[in-house]
Each structure stands twice: as structure tokens, then as C-alpha cells.
Amino acid sequence: MKDNLNLHQDRYFSSNPKEKKIAQHLYSKVKNLPLICPHGHVNPELFVENMPFPDPTELLVIPDHYLFRMLYSQGVPMESMGIPPLDGSETEKDHRRIWQVVADHFYLFRGTPTGMWLKHEMHDVFEIKKKLNSDTAMEIYDRICENLRKQENHPREMFERFNIEILSTTDSPEDTLEAHQKIRKSGWNGKIIPAFRPDSSIDILNRNWKKTIDKLSEVSGIDCSTYRGYIEGLEKRRAFFKEMGATTTDHGVHSPYTVALGKTEAERIFNKAQKGKILLDDAKQFIGHMLMEMARMSVEDGMTMQIHAGVYRNHNKKIMDRFGPDMGCDIPIATNFVNNLKPLLNRYGNDRNLNLIIFTIDESTYSRELAPLAGHYPAMKLGPAWWFNDSREGMLRFRRLTTETAGIYNTVGFIDDTRAFPSIPARHDLARRIDARYLAELVAENVIDPNEAEEMVIDLAYRLPKKNYKFK
Amino acid sequence: MKDNLNLHQDRYFSSNPKEKKIAQHLYSKVKNLPLICPHGHVNPELFVENMPFPDPTELLVIPDHYLFRMLYSQGVPMESMGIPPLDGSETEKDHRRIWQVVADHFYLFRGTPTGMWLKHEMHDVFEIKKKLNSDTAMEIYDRICENLRKQENHPREMFERFNIEILSTTDSPEDTLEAHQKIRKSGWNGKIIPAFRPDSSIDILNRNWKKTIDKLSEVSGIDCSTYRGYIEGLEKRRAFFKEMGATTTDHGVHSPYTVALGKTEAERIFNKAQKGKILLDDAKQFIGHMLMEMARMSVEDGMTMQIHAGVYRNHNKKIMDRFGPDMGCDIPIATNFVNNLKPLLNRYGNDRNLNLIIFTIDESTYSRELAPLAGHYPAMKLGPAWWFNDSREGMLRFRRLTTETAGIYNTVGFIDDTRAFPSIPARHDLARRIDARYLAELVAENVIDPNEAEEMVIDLAYRLPKKNYKFK
Amino acid sequence: MKDNLNLHQDRYFSSNPKEKKIAQHLYSKVKNLPLICPHGHVNPELFVENMPFPDPTELLVIPDHYLFRMLYSQGVPMESMGIPPLDGSETEKDHRRIWQVVADHFYLFRGTPTGMWLKHEMHDVFEIKKKLNSDTAMEIYDRICENLRKQENHPREMFERFNIEILSTTDSPEDTLEAHQKIRKSGWNGKIIPAFRPDSSIDILNRNWKKTIDKLSEVSGIDCSTYRGYIEGLEKRRAFFKEMGATTTDHGVHSPYTVALGKTEAERIFNKAQKGKILLDDAKQFIGHMLMEMARMSVEDGMTMQIHAGVYRNHNKKIMDRFGPDMGCDIPIATNFVNNLKPLLNRYGNDRNLNLIIFTIDESTYSRELAPLAGHYPAMKLGPAWWFNDSREGMLRFRRLTTETAGIYNTVGFIDDTRAFPSIPARHDLARRIDARYLAELVAENVIDPNEAEEMVIDLAYRLPKKNYKFK
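Chains as they are written, first to last, in this note's numbering: chain A, 1 to 472; chain B, 1 to 472; chain C, 1 to 472.
Don't read these hints as lab results, they were simulated from the structure. Careful, some of the hints might be misleading.
One copy or two, it doesn't matter: identical chains are merged, so the pair holds either way.
[Said to hold, decoys possible] Okay, derived cross-link-like pairs now, DMTMM-like style, lysine to aspartate or glutamate, Cα gap no bigger than 20 angstroms in a straight line: (1) Lys130 - Glu455; (2) Lys182 - Glu243; (3) Lys263 - Glu79; (4) Lys342 - Asp326; (5) Lys2 - Glu454; (6) Lys211 - Asp94; (7) Lys263 - Glu152; (8) Lys275 - Asp203; (9) Lys236 - Asp223; (10) Lys129 - Glu452; (11) Lys21 - Asp10; (12) Lys20 - Asp449; (13) Lys211 - Asp223; (14) Lys150 - Glu49; (15) Lys130 - Asp449; (16) Lys20 - Glu232; (17) Lys18 - Asp223; (18) Lys318 - Glu139; (19) Lys317 - Asp351; (20) Lys20 - Asp10; (21) Lys284 - Asp104; (22) Lys2 - Asp449; (23) Lys2 - Glu452; (24) Lys18 - Glu454.
Construct the complete structure from the given sequences, taking the supplied hints into account.
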């Protein structure tokens, strides 16, 4: 009993009977709708060969910094979780032993979204009916291995079984999108499209920037070593991405600073960067200017533009030096959207050809800055609760803090934003439950009518992402 | 059925039966109390001639930036809503057509305070019993027109029927308050008083500043082109406003920065401003200094001083250039009250002659700065949830984030702060319901006793605003 | 009836029946557990002579700035509450009269934690069964006086009756810990230990700094007038404190800025400070450097390190000048932990020998900065809701905003942090009720299982503080 893994059918709804009943009804309207996945980091290669996933550790632990950061915070060395040091020094290779370590510490995830997603995933995707703990670790490991070998759990079959209508990956301009091309040619009709994320071509502080530009020249067939060529190269790659089905661009920036530099000034900084001499402030100006350029191109080619701002990447220098980026050391920082976005919004914010979706992890900006901005500028929408706030309480706070000022129609529905493919249904399910719960409260308190809530719950789960990411 | 407009009698209360029952009881204690409206932007001219309101579009749409900003954010052009461009170029003149556009988009207001107020207003003030949507738009338009012609819906009759005990307008020092004088002389005994808001005389960056000062000289009979004359002129106007019934001043500032400049320094900046040469930092110093001066005058004449801080006005340059200010493009910004108010609070904060009410839209300052300041300085009180946060959830957050540190007795009750006269009862009703709900939760969770809650709910609805705005 | 003071057995639980029932059960698991008090400001002298407390005013009013700040904010002069001016000028000496003033204003505390604690204290510790108000003031005063004389209410007996397992005081390095030594020698076995708080030795801006350093030389037997001696002196005192049972250090700082200065630079600033010439920025650098040094020493001696950051001390200059520090004029300010703590965390944050507990009153940093940092760095933990947020709603917000990212296991349980000894049980009881309530909600909404909640509620109340403060 105590060790049974149960997914309660009413989980995450309010336990107030009146609200719960309404939430059940609203959830029933969306629970089986197809999943729209307009932004995420799933590796498209998975679907080219459609090879089975190797084992639970390889699938669920080693690539998931949400998971191993928590164990690390409690003193479990990165190496015990099989994370490979950059210098090739030793790391745990025994995946069963790693799984045991995770199981021993699984209590750390009580009350966290990672815990909720994993439970859902194990129960519904891998048919595990026991809780993960020290005692059950090996039994569950074996069971998952066994299940992963079944045809129904191969990537393409999962994709279909998950009822994914469309899945966007995230790709660099210099990427040739070969995986996407192969999938297209394979005859399989799962819809997987790329998204244009040019951070590496734009961040002139990155030590690999020059190499990236060389590669950009190569794939675009345009000499990108001049500012003019660089802009043309990016434009040409956008066109190619669009041809390949892309409908969006994405931009990860420290701050959402935007600025319109004159051509000469942009060129001057670009040329200095080509010579490897960049001042910090020049970099800030250049990146701010390129966001502006990207908005201009979006106005021209109609691609939805996303900005993910306000993260201090790789805060832990020791971990960065030893293991590289994306190791769970990215920390949100305070952001200012009002001043930083002003130049961009003043130039393009009234233009209906632009659809600009802003994401933040600084919740203090929800009601103060973002909902008021999205509730005014036609071009701006508000992305859902992101990263650490993509959680039961985090999503509720997002709705409470934004709806009254921006309404739900200046938001874009749920975005899973994950690299953990098998967690996708769990993430959408959690979001749909929370939206049902939020709307149920509004109905129970006579703020909206039941029939309005029925429309809204479908808008949030399905129609708004489709519309805002321009999926036909 | 689906199209009936119902105002549920228990709306906005918790649906938890125990809390709801207590809330019903508490609400019954305040629901019919007279309305105290100590700060707002209703045009006093309405009550001079007591002409009927023309039509729903003129009354409810064109002047309400809360409303048209939401439609604009979804791509409806300002001109389709009849907003007049400054250059006199075309705008929609057909009020029925504008009303139809609003009705077509009314679903955008689901879950927003504007939606709640409008529903209340239509149902209770204009006796509309159908929901506003594309189908019902014209029928409702006609019905409202018809109702507006009735004597009971003329401004003075509404004022009485709304049970308004006192209503303050907001006026510039150079205003002669003719409307107020006429109302006084008319024999009608609705109590409408002015408030002294000298922003235009103080903001030396404003391009009309010199003209304002000339006008100030004219109405005060004092030469205000010298710093000394300017201060005297303002003092004289305060005295006049006070004579006319004013009990408050109000100050809208970008940041609540205060500073005590020496007379020479203040004079130097003033003289430069007279010559039209102002540096940004000089302006900041001067405005900060004038807040100080206003506090000094309040200590002397006993007028309650309000500061509304932390708004980036007219953020959208295109809209500002084409339509002017107050067009829904004002965006809150992060504020710092602790350092900025220190000079003022250090000089006058211990003085019981000063009653300083601080408003913010930066909710992160509620528990961090404002409740601790108001919970210490005798002169400082905390204004209620303002603007975007004057909403069902926003008001609840305000109470939750301030009461534990400052108590309710360092707050000042509800302020409607509206220019939309017929929305006044809806706004007070929403606030009274939310306060009843908040207190009901405290009772249900045994934090306070029922009899304490009964006192508190009346304090919040009636006694605190009366006391803090010095209405006898 | 109306005047009975009742402590409802279900107070502070949700009134939703399902949640309440679970909360009752969870609370029953912790309600009688011993109290762990790892950080606070109780005067150890109390337990040396074990003299009875004099009277309610002396015990509950004069030393409690939480209490008198609220009355002061409503215009009650400090002198009416018996606060002694520094210059020796008059203050109210009649403790009955002071008590009457407090009783007359006790309604101000409705809904505040001070109100909740005092009610609990009066009811459970002093057996008062009537509410405090103007009418009952004198009767209650007499009754408390009477009860204070009883042996069971002498400090040591209270300590035992409160079931305190361990109580830490907060002490300066130059303190000889005589009281602690006397308690040890007395044969009484109440466990009272010191904590090392070197703010006065580190804050070179403090006008008494040089005197403090002289005293440090004296008690350490090391010449602390050189930088090297100063560091050695501090190390020696830490060793002494540790010998005396201390397991923690504590650091109260304006901002959590940290920096690693070279020895020469640190020495240069130290020498200037010895000559009384300190620049503001030098002071900031030095304090940031000393936090670094303290972390180094903690790595070496294993003492848990606490940082309490983000308070503008003595904001009200008039009160500071007239009455001194700790008079209710400390105001939280915005803090930035991400950049400020980076140097310290980069150097020591991966070291399991360090246990660094961070406290904030800037709630906007909970989900944005602190939970992400604590959810990654092995050395960092998150202290509970502090000061103004150590309250019914404040603690709930803390759990809601941190658990999903950091889990509960990167937090350290409840800390009472009080100088008001008889309020200790009330404070722990409130915290235990809120944690039970929070977990009950998670159970009722099927986020965690009942048996998980049972473990967690005990972890929060008992095991986590014991572990994190290294009590065996």
C-alpha cells in the first residue's frame, strides 16, 4: 500500500468540493486534446533512426539538470550521477548504480514539479506501479529497461501515442537541419519542425563566436565576415528554416536590452569582434541591436519572435570549468523590461506583423511590467510560467498575477520547453490541470460563467499556442 | 439562459462554505454604507448642468483607457474605438459601430476587473439583463441610451442614488475651480470637493511648464516667475483649495525621490527652468525638493498628502505622438521607497500633523518596504491596491502582504480613483466584497474573532478613509 | 463571551474540512516535540540567577520593538511606552500606566503575528482567560504579576516547561561568555549555547569599531591592531566559542556582497580604519572580504555560517539619535544575492564542510534567486521566513515560493530568532501549525502521500534544524 505509486485522478485540483467538481469537468474537456509543443529542446535525431532508448539512467538522469542539480545540492557528487567531466576524467559508468543513488534521494523531490513529472512518466509511460525508493530501485530499473525495448516505446511510437500534433526543436542558424530533412524524407508523418535560435551567432562574447560565423558563411554561401554579409547570411538562414517548417525564432539573453544602433556603429563593433577585441559594453550594445534586427526580420518574414531573458548562466564556475554549460547552475536575476524593451516596442510594438513572446523567471515583473505591457502593445504576448516556475504553484501564480491586467488572450497557452521527451505528456497534463483548477475557482466564485470557462480552458490548452505560434 | 447577465449575490467570496457564510454576514454590514470617494478623476462639470450622459460609447468607451487598451492590445486600431488623433485626422464617429466592436471583443475581459465593473454597472445602473456580445450589442446600446435619458440617470441623481457621501475631484493649482463654485451656488447639496495636484507646476521637464507658471501667476495674483513667488503662489492656491473644501494634495511622480535642497540651489534650478534650460538630474532634484516643500506645507495647513509613484508614463511613443497622454500606455516600474523617501520621512515622518499616503503599483514593495515603513512612521499610511492591482486578486494580495506587518490601521480603506463616474458603485462593491472575504478567512481560521471582523470591515469601508482624508 | 480569550485548537489551519483534518493529524505529530532554538537573542543572564520576571510591561513591552513600533506608528510617543531616551530625559516610569496604553491600542494587532503570539503567550504561559483591552488591562496586569512570581514561571522553569532542547544566544567575539560559563557551572542542565556574531568587529564604519578591536585584543590575548593579529584574534575567539558549545556564526549585513581581496588590500583598508579614515566603498570591500574570511574559517572549523542580509538599519534618524538602535526603525531593502554571493559561492559553495544559511526579508528573491541557488550549491541552505515574514501568511508564502525549486530539504526548519523568551512556544507553535497546514494542502491535492507528509512535518519541526545547526 504505502509503496504503491498512485496517480490520483483529481491531483492538483483544489480539494474544496465545489471547485474540484468544476475542475474535473473543465479538465475533461482538454485532457485528450492533441499536444502542441511549439518550443522545446528535444533532439530530432531520436526520430531519424527511431532506436529504442537505452536505459532509465541514460534517458532520465544524465541529461536532466533539473534532476541532478537537486541531488548535487545535497552533496551527491556530479560524478556519482554519471555526468562526464570535460577533461575526460572518471565518472560513474554503472547505470544501475547511478539509478540506485537517484532512488536513494528521490524523497528530495517531494512537492517539486520534477517529482510530479517523474511519477506521471513512470506510471503512465513506463507502467511502473511502485514508488521509487532505495528498495524498489533495481526492480524498477529492470522494468523500465524491459519496457523501453517494446516497439510502443520507441521514439516515433511514443510521439504518436502522446498525441503530439506538432513539435518544434531549437536549432542554430548554422545547423543544416539534416535530421529534420531525413524525418521528412522518411515518410513518417510526425510533424517535427525547427526553430531559429541564433544566440551563438549574436553573442560576440562567446569564445566560439568567430567559428560560428565561419560556419554561418559556409552553410549560407554568403561571406559573413562583414556586417552586411552577416545580416544577409542570417536572413538567408531564416528563409531556409521557414522553408523547413519553422514558424519561430528564439533568443536567450542575459537582459532584454534593446537598442537601435546606426549601421556604422553596428559595423564598427562587428569588425572589432571579428578581430577578437570586444568591450563588455560594446557586446551589450551589439546584442541589443541584433534583437532589434531580429524584430525587423520577424516583421518582414512573419516568424514569431521569442525572448527568454534574465538568467545568469553557469553561475558556478567550478562546475562550468569541469562539466561545461547546462549543468543546473543557471540562476534567475532581476530584470527590467520597461526600459529595456522600450526601443524595440516603440519601433515595432504597434506592428501586427510582429508577434513577440516574452518569457521571464523574475516573477516580480509579472504584474508590474509584463502584464501591463502585454495588455497594451499589439505585438507583444506573454509566455507562460517558465523554468523553475513551470510548476503547480508557479503556474497558478502566473495566472493570478497576469490575467487581471492582460487577460488570458495576451498569453500564449502552455509551452513545455523540455529536452526530456518522455516527460512531455506529464508536463502538459500538469498545466491543463492547473488551468482547469484556476478557471474552476473563477467559476466557483462567480467571476466567469461555466460556458466561458469551457472556452477558455480549450483556448489555453490548444487554440492559443496554435494561433500564437502560427500553426495552421 | 447562457446569455443572461447575472450578478451572483455571493460573487468574489470564497466558495468554501464556512468562509462564504462569514463573508456574507460581514458584507451585509457594509454593503449599504455611504460611499467615501476621497480621490478620483470625475469631471465636476457633469454636476453643474446635470445634462444626461449621451450614449454608452461616449460614456463607457472613449474616455476609458482601461477598456480600450485591452482591445488595442489585440489589434483593434485606436481609431475604430473613436479615439481622436491630435492632428484631427479621421476617427470612427459612428458610436453604434464602436459599441459593436467593443461587444465583439468583450470576451477579452474575462477575469479582469474591467469586466467585473462593467457587468455590475450594466446590470445595476442600466438594468441590462443580457450579456454583452456580438449578438446583443445593438439591443443593449439602445437600452442604455433609453435609460440614460431617464431623470434618475442624470449625474446628480446618480450621485444621490449611489449614496456618495463625498466625492473629491483632482485639480491643478491654476484651476479656478469654477465648476466647484457653481455646484456650491446651485443649491444642490451633493458634496463635491477639489484636491490640489500641482504636478504640472512642479514637473519642470514638461514642455508646458512655463505656461502653467504664467497661469499660476495669473490666478494667484503673485508673480510666480521667481522661486520665492512660485512657492508663495502655491501656498496661496492651497489656501484657496482648502477654502473650497479640499482636504488633500496629490503628487504623481516617476520615482518617490525626495531631497532637501538649499534655497539657493532650488532657486538656481528654477531660474534655469524659467529659461528653458533643464538638465535631467536638475529636474529630479527639483521635483524631489518640491515633494519636501509640499510635505512642509501639509504640516502647516493640515492637508493630507498623497504620492502616486512608480509609473512610466506614455511608454508608447507612437501612441503618445498621435493621441496624447492617458491612452493606456502607462507602465509600472520598479520603485525604491526606502532610500527615496528617507529625507522626507526623516524630516517630517515623526510629525503627526503630516498624513502622508503612499501608493504603489510595484507589489514587490508591499511587504518589503511599504508595510514596514507604514508600521513605524506616525506620518505615513499605505494607500490601497492601485490601478492594475485595484482588482479581485490584487486587493487580496495587498491585504495579505501588508496586514501582518502594518495592521489594517496603517492603511486607509478603499479609494476608487476613477474618471468613470457610473463605475463608482461597482468599484466600491468589489472592494467591500474582497475585504469581507479576506476578513472571513481570518475568522474561519481563528485568527480574529467575528466581532473584531465586524468592526474591521466597517473601518475599511467607511471609517478609515474618512479619518485619513480628514472628512468630518 | 465576547471578552473571553480563546485559543482555538484548529487555529491557522485551512477551514476547508478535508485539509483541516489532515492538518490536525500532522500537527499532532509535532506539537509536543522538543523545541530547537538555534538562533535568537535571549539574554543568557536570565538563567544565571533565575530571578522572576518583574512585570508584564518590563517583560513584554519595553524590550519588544515589534510591539511598540506599531503603537508608535499610530502616534503613541515612545516615552509613553517607557522607552528610555539616551540623554536620560524623562520617560514613563509607571508600568501600570504603560500597560494601559498598550491595552488601549491592542486592536492594532488584529491579524498580526505579534497579536497571535501575545494571545498564545497570555493564554498558555500566564493563564489569562480574558482578552486584553482598555477594560481588562489592570486586571490582566495584576494576574500576570501574580503568575510571574510563581516558581514555575521563573526562567529556568519556563525553559524546562517549554520543552526547549537547546537554545542559542547571539554574542560578540569580545564577549567573555561569563553567563554561559556560570550556567554550565551551576549544575542546571538546560542547554544554552553561544553563537559567534562578529558584526561589531567587522563593520569598520561603526564608530565604536576601534574600541571593539581593543576589547578583542584584550580577551584574545592577541594584538588585534594589525590585520594579521585581527584575523588570528577572530580565529581564536571562534575556537573559544566552539569550546563553549557554539556551532554557528551569524552575520548581519546591509547587502550580501562578498569579495576576495588580496592580503595587501585588506591590510591597507584595515590600517586606514585603525586611523579612523574610512571611505564608504573601502568599508563595503572590507566587509565583503571578511564574509569570505568567515566562510573560510567555517570550512576549517565546521561552524554553520548564517547571513542575515538586506536591512536598512535605523532608518529613522530622530529615533536613532534619541533612543538608539533596535527601536523598530529597521526597514528591509531590495537585495541581489546572485551577483553578491557569487565570489563566496564560487570559492566555497561546492565545499560540503561549509553550511551557509541565507536569510532575507526581500520576498521577491525567494523564487527568483534563493531557491535556485539553494537548489544547486551543496554548501547553501535557505533560512526560514524572517522577521516581518515570520508570520502566518509569510511562512506560507515562503513554502510556496521555495519548495518547488529547492525542496524542503534545502531549508532548515523553523528559527524563532527572538529576544522575547516567553514568546518562544507561541512562535514554534505557529510555525508548526503553518507547516502542517501547508503539507495538508499538498496531501489533500494529491501532491504528496500522507506518510510522506508525516515525515516532512517532523523534518521541518525538528530534524532539519538539528542537522543544519549541527546539534548532535
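| For the identical chains here, do Lys18 and Glu454 meet the 20 angstroms Cα criterion within one copy, between copies, both, or neither? | within (16 angstroms within a copy, 27 angstroms between copies)
| said: Within a copy, between copies, both or neither: which one fits Lys150 and Glu49 at a CA-CA cutoff of 20 angstroms? | reply: within (15 angstroms within a copy, 76 angstroms between copies)
| From the Cα coordinates, with 20 angstroms as the cut-off, is the pair Lys275 and Asp203 best called within, between, both, or neither? | within (15 angstroms within a copy, 46 angstroms between copies)
| field | Same-copy or cross-copy closeness of Lys21 to Asp10 [CA-CA at most 20 angstroms] | value | Both: 9 angstroms inside a chain and 18 angstroms across chains, each within 20 angstroms.
| query | Between copies, within a copy, both or neither: which fits Lys130 and Asp449 at Cα up to 20 angstroms? | reply | For Lys130 and Asp449, the Cα distance is within 20 angstroms only across copies (13 angstroms; inside one copy 41 angstroms).
| query | When no copy is specified for Lys182 and Glu243, does a C-alpha distance of 20 angstroms or less occur within a copy, between copies, both, or neither? | reply | within (15 angstroms within a copy, 70 angstroms between copies)
| said: Cα distance capped at 20 angstroms. Does Lys236 pair with Asp223 within a copy, between copies, both, or neither? | reply: Classified as within; 12 angstroms inside a copy, 66 angstroms across copies.
| query | For the identical chains here, do Lys20 and Asp449 meet the 20 angstroms Cα criterion within one copy, between copies, both, or neither? | reply | The answer is both: 16 angstroms in one copy and 19 angstroms across copies each meet 20 angstroms.
| field | 20 angstroms Cα threshold - placement of Glu79 relative to Lys263 | value | Neither: 48 angstroms inside a chain and 35 angstroms across chains, both beyond 20 angstroms.
| said: Within, between, both or neither: how does the pair Lys2, Glu454 come out at a Cα-Cα threshold of 20 angstroms? | reply: Between copies only: 13 angstroms across, 37 angstroms inside.
| query | What label fits Lys284 with Asp104 when the C-alpha limit is 20 angstroms: within, between, both, or neither? | reply | Answer is neither: 45 angstroms inside a copy and 43 angstroms across each miss the 20 angstroms cutoff.
| message | When Cα atoms must be at most 20 angstroms apart, do Lys211 and Asp223 count as within-copy, between-copy, both, or neither? | response | within (13 angstroms within a copy, 58 angstroms between copies)
Hint compliance for this structure: hints 3, 6, 7, 16, 17, 18 and 21 are not met, and every other hint is.
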